[in-house]
Amino acid sequence: MNAKNCFYVLELAPDASAADIERQGRKLLGMLELGIERSARYACPVGEFARDATTVREALARLRDPKARLREATLARALTGDKRPGDDDPDAPLRDGFLVGGFRGL
Amino acid sequence: MSAEQFLGIDLGTTNSVAVLLGGDRATPVRTADGGALLPSVVRFDGRGKVAVGARARRFLDEDPDNTRSEFKRLMGSGRRLAFPAAKLEKTPEELSALVLSTLRTNAERALGFAPDAAVVTVPALFELPQTRATSEAARLAGFSRVEHLQEPVASALTAGWNRGEDAAPWLVYDLGGGTFDVSLLETREGVLRVVDHDGDNFLGGRDMDSRLLDHVLGKLAEVHGRAFSRSDPAFTAALRRLRIACEDAKIDLAAGDDASVSLPDPIRVDGDEYEVDVPLRLKELDALVTPIVDRTVDICLRLLERQGLSPAGVARVVLVGGPTVMPVLRTRLHERLAIALALDVDPMTAVAEGAARFASERGLAARVAAAPAATAKGDTAAVRSVKAWLQYPSVSGDLFPFVVGRVEPRSIDKVRFEREDGAFRSTDETIGEDGSFVVQLELVARATTTFRLVASRAGEAVPVEPAAVTLRHGISLGDPLLSRTIGIALADGTVAVYFERGAPLPSRKTFRLRTSFTAHPGQQSSAISVPVVQGEAEFARLCRLVGRIDIRSEMLSAPLAAGSPVDVVLELDRGGRLTGTAHVPDQGVTFPGVLVLATPDATVDELREQVGRVRANVELLYADPSIAELGQKKLSAIDERLLDVDGELEAAAGGDLDALEKLRRLLIDMDARVGEVEALRTWPALESEALRVVSWAVHWVSRAGSDMERRTLEEAMRSLERARAVKSVSDYGKRLRTIERLGDAVVVRDEDGLRRLFDEATTRMGEMRDPRAGRQHVEEGRRALAANDTAGARKALYAAWKLLPPPEEVRAKAHGSGVER
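Taken in order, these protein sequences are the chains called A and B.
Those letters in the first sequence? Residues 1 to 106, by the working numbering.
Those letters in the second sequence? Residues 1 to 821, by the working numbering.
Don't read these hints as lab results, they were simulated from the structure.
All values reported here derive from a predicted model rather than from experimental measurement.
Hints may contain errors.
[As the list claims (entries may be wrong)] Which chain A residues stay away from chain B? Per the calculated CB distances, all over 12 angstroms, these:
{"no.": "1", "residue": "A13"}
{"no.": "2", "residue": "D15"}
{"no.": "3", "residue": "A19"}
{"no.": "4", "residue": "Y42"}
{"no.": "5", "residue": "A43"}
{"no.": "6", "residue": "C44"}
{"no.": "7", "residue": "G47"}
{"no.": "8", "residue": "E48"}
{"no.": "9", "residue": "A73"}
[As the list claims (entries may be wrong)] From the structure, some residues in chain A lie toward chain B, with a derived Cβ separation under 7 angstroms:
{"no.": "10", "residue": "E22"}
{"no.": "11", "residue": "R23"}
{"no.": "12", "residue": "R26"}
{"no.": "13", "residue": "K27"}
{"no.": "14", "residue": "G30"}
{"no.": "15", "residue": "M31"}
{"no.": "16", "residue": "E33"}
{"no.": "17", "residue": "T55"}
{"no.": "18", "residue": "R64"}
{"no.": "19", "residue": "P66"}
Virtual Cβ for every residue (Gly too), placed ideally from N, Cα, C.
For reference, chain A alone in the conformation it holds in the complex (with noise of 0.2 angstroms):
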């Protein structure tokens, strides 16, 4: 479960070209700096999630390493069609949190 993961927030296919992700980021940051309501959320295959400037910007940073990219598309790729947990699942956040926070370390 990665709801964070960089393509997800920009919402991208994994595929994307360089160009396509500064031109997505930018866009997204302008539409966040205009407070237009829609690009506050994301959908992604595990559900729908807020964004802000801040996760939009860390994505772009992210993407632009190839080293990160190949690791988020990998993930975006394998984690396609996992389902997130229903709000009964008390470990949902502590996955979620660990996934997020033990990639960078990794």
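Fit chain B to the given chain A structure using the hints.
Relative to chain A, chain B alone:
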């Protein structure tokens, strides 16, 4: 071409430079004597009259007591510098403000108005107090809006501006008066990216001068038959004169093989006079300077190695900073790196020019307009009928960027953009329900392009403002990256990392932490401290304390029990300025602001003692058989740095405040390095722990983990093995904790696992802050487990676990932190 002007300032240790950018043309701002460089020197005479720049520099020799230079290295230190003739004391920020104010006045002459906004550069490895001090200096100089940019990024922007894309990455080698930075950059699809950077906050042209000065002092000792010590306060004034003479000789040697360090009048020491005329040959200077150049090359190689590159994989090196004009430096770089030098960038103005380009990209015009201008990013404009807020990059590496907009009132239904050359017209975009629209443009390659904004309602044209936007196709800069990790020191001695090194700025993070002890209202001693630290070390004590948020007792309405949640928010702006708050949700109180601390003060004697302790520690470590070959290598590096420490100690004892500050920072660095070597002693224990943790995590993950958790564990174990191979204690520890956390996440989903954890909690009941509450939680958890309520059991387990306090000695080493995860 835009008529707007953008101001970039390189506030340097030795010299400062301002550059104005109008359209694509960058022009250095001329100083009073017609040059581009303003010496960062300030003098106050007996009547309190101030002189800045070249006029002040002349007095470094004649009136050294009332003339100050190199105060940039003291920024954020909280020191006050005396000007006895005027009976004044000034902080380094105030002196920097005078330099900035002079540059602002010079820019005003060129612009016809006093600039309100500028981008002021800071060294990449500047810490938060220093960056904050630079902001303060700019404010004092009269700038109402200032952004900061890291020096290597600024010079990279200049270097990359007029070039196409390189297939290979390139280096920016920036050797300033007091700092060395090297950045690895690449340009891809129009975006300039700082891949990585490295540097030494203690290495600069001044160190070359110091070596030359020591050489000259040695020669003088031979001639006059007495020792001239840098630690002798009676010699301070003479030293200043000698430093200038050394600098002059160095400049002479750029054009010839022979020069001399000479003074027109003899120097006076203890009432005696000594003539100064020391011949100096280029070869001697080269020999003195080469070890410093070699240290910079080692740092370049370290950076490349970290990125898995060899020098052959680098396209070119861009040189920035005054010392890089020295022929020996260029020859040595070529010998050791064999990378082509890019000679089309002026090493003296590159940083300021990059700052001006960044100001342009950010839409930070020198004149802050009362009404926003039509060409700036983030335009807003009001008209009688329709106003539009637009967001677009003023400089774009992408030929097809988006413009995002919002109109108010929503009295139009379509918008489009038409390029002024008539060769492009966007699609007609329908205005959304919320008044927003997104339009894609097509720029002219490597040129500035203006597009008309055309709005309509039911096919009828409607005037809209801004009526046009201007975008430039060129290298654009990704977000500036944070150069040092920032986090909160936790009571268990570790660090909760908020922003990792390399994180894009600006950024904002919130973490929920918990108080580690109970605080009572009104009791001063029970204030809970949230220390903010900066550095790469795993343990808080090895990181630099840069701020603190205090949860003050007098603000509490009731006792705040141990384990209460505290939401700590840290926010970094684009220039690395930090603010933060701590919110206590149980009581609805927010504690605002992060006090960025001045660097702690220390006397020369205290620092001398500290040096002694470091040296003794190093000796012990050399003799320790458990420090294997790797430790010996690290110790040799520390030994080398100790030589610098000795030199700075001597200078500090002679009254050199700059040396004192450098010494203090060197010692923090040494402490961290010694800590790393000491940590190797714990290697065997770490290996045993690894055995325990890995087998435990493997057991639970294979028994109860998901496929993904298994894959994650495999990857984590590979990382652990890599850290083991290079015996990196901190990396090994971090990887081990990752594995432990993974095991933690899985074990609490398993009934057997929970049962075992309750057993362990029972054995540690005596250590708990409230053993009675601990017992209750354990019993409650066991009951929940018996009723197959694993969620309830987990909740009880976490509650019991939180009652285990970190030992007091650990907390003391964590800058007195009163919070934990």
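Structure-based check of each hint:
{"no.": "1", "hint": "A13", "in the structure": "holds (17 angstroms)"}
{"no.": "2", "hint": "D15", "in the structure": "holds (15 angstroms)"}
{"no.": "3", "hint": "A19", "in the structure": "violated (5 angstroms)"}
{"no.": "4", "hint": "Y42", "in the structure": "holds (16 angstroms)"}
{"no.": "5", "hint": "A43", "in the structure": "holds (18 angstroms)"}
{"no.": "6", "hint": "C44", "in the structure": "holds (15 angstroms)"}
{"no.": "7", "hint": "G47", "in the structure": "holds (16 angstroms)"}
{"no.": "8", "hint": "E48", "in the structure": "holds (18 angstroms)"}
{"no.": "9", "hint": "A73", "in the structure": "holds (15 angstroms)"}
{"no.": "10", "hint": "E22", "in the structure": "holds (6 angstroms)"}
{"no.": "11", "hint": "R23", "in the structure": "holds (5 angstroms)"}
{"no.": "12", "hint": "R26", "in the structure": "holds (6 angstroms)"}
{"no.": "13", "hint": "K27", "in the structure": "holds (4 angstroms)"}
{"no.": "14", "hint": "G30", "in the structure": "holds (3 angstroms)"}
{"no.": "15", "hint": "M31", "in the structure": "holds (5 angstroms)"}
{"no.": "16", "hint": "E33", "in the structure": "holds (5 angstroms)"}
{"no.": "17", "hint": "T55", "in the structure": "violated (10 angstroms)"}
{"no.": "18", "hint": "R64", "in the structure": "holds (5 angstroms)"}
{"no.": "19", "hint": "P66", "in the structure": "violated (9 angstroms)"}
Checked against the numbered hints above, the structure violates hints 3, 17 and 19; every other hint is satisfied.
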